[in-house]
Structure formats: C-alpha cells, structure tokens
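Peer 1: Put together the whole structure using the sequences plus the hints.
There are 2 protein chains.
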Amino acid sequence: VIKKAFEVKEVPTPNMRGGQGTGRQLQYFKAEEFSTPLAAFNVITMDPGVTVGFHKHEGSEEVYWILEGRAKVRDDDKVAELGPGDALLTLDQHSHSIENAGTSPLKLLAVLSNQVKK
Amino acid sequence: VIKKAFEVKEVPTPNMRGGQGTGRQLQYFKAEEFSTPLAAFNVITMDPGVTVGFHKHEGSEEVYWILEGRAKVRDDDKVAELGPGDALLTLDQHSHSIENAGTSPLKLLAVLSNQVKK
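As you go down the protein sequences, you meet chains R and C in turn. Residue numbers for the first sequence follow this note's numbering, beginning at 1143 and rising by one. Residue numbers for the second sequence follow this note's numbering, beginning at 1143 and rising by one.
Simulated from the structure, these hints should not be mistaken for laboratory data. Worth double-checking, as some hints may not be accurate.
Pairs involving identical chains hold if they fit within one copy or between any two copies, as the list cannot separate such chains.
Straight-line alpha carbon distances no greater than 27 angstroms define the calculated DSSO-like cross-link-like pairs of lysine-lysine that follow [claimed, not checked]:
(1) K1151 to K1260
(2) K1249 to K1259
(3) K1249 to K1151
(4) K1249 to K1220
(5) K1259 to K1220
(6) K1220 to K1198
Peer 2: If you want it as structure tokens, here you go:
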C-alpha cells in the first residue's frame, strides 16, 4: 500500500488530549488499514504555543520521534527537551505530554500501537 | 523512555534480506523494549547500490517512510519511485523490496509490528 505525501491530507486537531491551541496532523494510516495492532502513523505539526496535554496510555503505547523544531516533553515525572532525531517511547500504563519549546513549528512522527503483550 | 539521537548507535547491516551492499541502521527500540507487538523502530541509510531484497511478511507488517533521497520500491507486483514523505505499508502476507534510486544516500524509517489481528 503506497501513500504518496501529496495524497495525505492535513487535518486540524484542536486541543490535543486537552492541550492548548490547534495542531495539524497528516494521518498516513489508520487502525483499520493495518494488519497488526498498529493504530496510527501520523505526522503532527505544532506551532509555538500548541501543546498535547499530559495523558496516560492504557492498553496502548506511543513513539514520538522529533523531525523538526524543539520539544519540551514530560515522560511520567521527568521533563526533558528534545530535538530532531530524539525519541520518546511511552509504554502502556505510562504518561506523557509534549509542547513546542521553540519559536518555529515543531514537527514529529507519532506511532501508536495497541494490544499490550501479556 | 527517552532516546536521544546521539545515544543510538549506527549498525552496519550487510545484505539486508538478501539484498546488495551494506546498509546502516539506527536501532531506536527493539522488540523487547516495547509493551505492544511493535518489533522495531529503525532509521536505515542506504548508499547508492544498496538494496533490501524482495521478501514476504508472514505474521508481521512494516511501514517504510522515506526521509531523504529517492527509492525504488516493489510492492508485491507493482514498482514505484518514492521520495521524502512517501510511505509504503506492507501488510501481513505481502512482499516488498527497496533500493536506492538516486545518487545520494537514501534514508528511511522502518517500523515493524508483529501479531496479526484475527
């Protein structure tokens, strides 16, 4: 299944997980398109001031991988600043939030997966 | 779990899936680090001449997402050229190969997931 970049439309997403402002998401693949418990493969753009609220993953996990810009993340009770090439893996039963920590757009890949291993 | 880019070491990987030459892989997370059936989150660099051989996914699926350079992919019986931002999703029971179709390094993200849904 090939998805060319130009075929993927950008969707405005206000108040992500209770966060501030409106992000934009390129939704490459949705849960029903995958044959395994992969549930999302999205590129998220967050202008300065946009945040994803702190939230817990229950029955899922997510990888954030920074593409452009600067991010301030909370990883459970730890806070860190990330840049391009840095990753945050939030396992089942763990929590995260992310905000733009710079003055230019923050762009990241978010990969979500369900069905926690026994 | 935070992985800074500088912490991820690049591993030379010869003859990927029976392909030609030696690729280089940044292995961000391995199967045992995930809490769901995610099995790999790797950035692969392929110099001109390097290929990943045509192979079938059985009990897994994989997303290739092009970061830099030009790729020629085979998606079952279809051939296509992909560039930055383009994606190839290879579902369970389907096959793919990829080669550098340009004159500069090809860089892509490869996300592998196991445990096919019933």
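Peer 1: All the hints need checking, so say for each whether the structure fits it.
Peer 2: Quick rundown of the hints versus the structure:
Taking CA atoms no more than 27 angstroms apart as the test, K1151 paired with K1260 passes in neither setting, with 36 angstroms inside one copy and 29 angstroms between copies. Proximity of K1249 and K1259 under a CA criterion of 27 angstroms is satisfied in neither setting, with 30 angstroms inside one chain copy and 30 angstroms between copies. Both within a single protomer and between protomers do K1249 and K1151 lie at most 27 angstroms apart by alpha-carbon distance, with minima of 15 angstroms and 23 angstroms respectively. Taking identical chains as interchangeable, the C-alpha atoms of K1249 and K1220 lie at most 27 angstroms apart only when both belong to the same chain, with a minimum of 21 angstroms there against 31 angstroms between chains.
Taking identical chains as interchangeable, the C-alpha atoms of K1259 and K1220 lie at most 27 angstroms apart only when both belong to the same chain, with a minimum of 25 angstroms there against 34 angstroms between chains. Taking CA atoms no more than 27 angstroms apart as the test, K1220 paired with K1198 passes inside one copy only; the shortest distance there is 14 angstroms, against 41 angstroms between copies.
Hints 1 and 2 from the earlier list are contradicted by this structure; the remaining hints agree with it.
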